[in-house]
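Colleague: One-letter residues, chain by chain:
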Amino acid sequence: MRPGTFVRVLFPTREKPRAPGLLHIGYVLIFAARQQEVIVAYTTSQPWARDVPLPAGARLFDTREAASLNQSRPFLLRMDLLARLPATSRWFPDLDAYNRAVIATASPALQSELTHLAVNIGRWHRELLEMRGP
Amino acid sequence: MPQARKQHAGSRRKAGRSAAAKPRAKVAITLRLDPDRVARLQAIAEAENRSLTNYVETALLRDLSRREEAERVITMYVAPGVSDSISPEDVVRAEGESEEDYAARQALAVELWSIPDNA
Numbered sequence: 358m359r360p361g362t363f364v365r366v367l368f369p370t371r372e373k374p375r376a377p378g379l380l381h382i383g384y385v386l387i388f389a390a391r392q393q394e395v396i397v398a399y400t401t402s403q404p405w406a407r408d409v410p411l412p413a414g415a416r417l418f419d420t421r422e423a424a425s426l427n428q429s430r431p432f433l434l435r436m437d438l439l440a441r442l443p444a445t446s447r448w449f450p451d452l453d454a455y456n457r458a459v460i461a462t463a464s465p466a467l468q469s470e471l472t473h474l475a476v477n478i479g480r481w482h483r484e485l486l487e488m489r490g491p
Numbered sequence: 613m614p615q616a617r618k619q620h621a622g623s624r625r626k627a628g629r630s631a632a633a634k635p636r637a638k639v640a641i642t643l644r645l646d647p648d649r650v651a652r653l654q655a656i657a658e659a660e661n662r663s664l665t666n667y668v669e670t671a672l673l674r675d676l677s678r679r680e681e682a683e684r685v686i687t688m689y690v691a692p693g694v695s696d697s698i699s700p701e702d703v704v705r706a707e708g709e710s711e712e713d714y715a716a717r718q719a720l721a722v723e724l725w726s727i728p729d730n731a
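Chains as they are written, first to last, in our numbering: chain G, 358 to 491; chain A, 613 to 731.
Next comes chain G alone, as it looks inside the complex (with noise of 0.2 Å):
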C-alpha cells in the first residue's frame, strides 16, 4: 500500500466504530511497513448539508478534480477523520487485486498540499487537547 493514493476501503461507522463498515474512497496518509498498518482519510461525495459549517480538515474536490483522480462525482476529503487500520483485505477488499485497490495516485504537489493540511491539523488537535484536556 502506497501513501498519496486513493483507494477502495471498507470505512468503519459511527454505529459499528470497530469493524468494516461502507465502501469508500479513501486517502492513505500513513503507511507503515514494519506494521503493516495504514491511517486512512475519509471521502464521501454525499452533499455538505448548505448550514452545516465545513470542518477544518475538510479539502473539497471539484468535478474536474476529481475526473482527474478517477473519481466521477465532486467529492469531499476529510483530513480531520480519521482510521487506523491493519492493510488487510478485510478492511481493503480490493487489495489483492491487481491494482491493490488503488483509485488513483495523487499528484507530488497534491501530497504536499495534504501533507501540509494533516500536519495544521495534527497542530490545532494537539493545541486543543492542552487547552482543555483529552
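If you're looking for bench data, these hints aren't it; they were derived computationally from the structure. There could be a bad hint or two in this list.
As the list claims (entries may be wrong) - Just some of the chain A residues that point at chain G, by a computed CB distance under 10 Å: (1) 638; (2) 667; (3) 717; (4) 718; (5) 720.
Note that this is a predicted model, so its numbers are computed, not measured. C-beta atoms are modelled at their ideal positions from N, C-alpha and C, and glycine is treated no differently.
Position chain A against the provided structure of chain G, taking the given hints into account.
Modeller: Here is chain A on its own, set in the frame of chain G:
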C-alpha cells in the same frame, strides 16, 4: 425536613435505576412542512424502505452527528488489534516526496498513532 430530603433522594435513586434499566422514552414533536416537501420526503423514505417518521429521525440524527464531528478536531477510528505506537522509520515514503514533506509526515505519523480511538 430531613425526612423529605431522604424521600427525595430515594425517589431519585429509583428514577436512576429505572433510567438505566430501560431506554428513555422518546419525546413526540409536531413538524409542519409544505405538502410538496412531505411528498418528496415520503418518496425518499419509501425508496429507503423506511417510514416517513424513521426517515426524518435518521436525517436529523445524521445532521446532529455531523455537527458533533465538526466540533472535534480529529476523529480517529482505530481497528482492534492495531499497534499503539510507531517509529518514524516505519513510515513509508511517498513517490517523489520531498525530504521536508517526508519528515513532516514522519512526525505526524508518530503524533497520529498516539491519538486514541475517539470515534
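Colleague: Compare the structure with each hint and give your call.
Modeller: Hint check:
Residue-level restraint check for residue 638/A is violated (minimum Cβ-Cβ distance to chain G is 18 Å; threshold 10 Å). Violation of the interface hint for residue 667/A is found here, the shortest Cβ-Cβ separation to chain G being roughly 16 Å, above the 10 Å cut-off. For the restraint placing residue 717/A at the interface with chain G, the shortest Cβ-Cβ distance is roughly 5 Å, inside the 10 Å limit, so the hint holds. A least Cβ separation of about 9 Å between residue 718/A and chain G falls short of the 10 Å threshold, and the interface hint therefore holds.
For residue 720/A, the suggested interface contact is upheld, since its CB lies about 5 Å from the closest CB of chain G, less than 10 Å.
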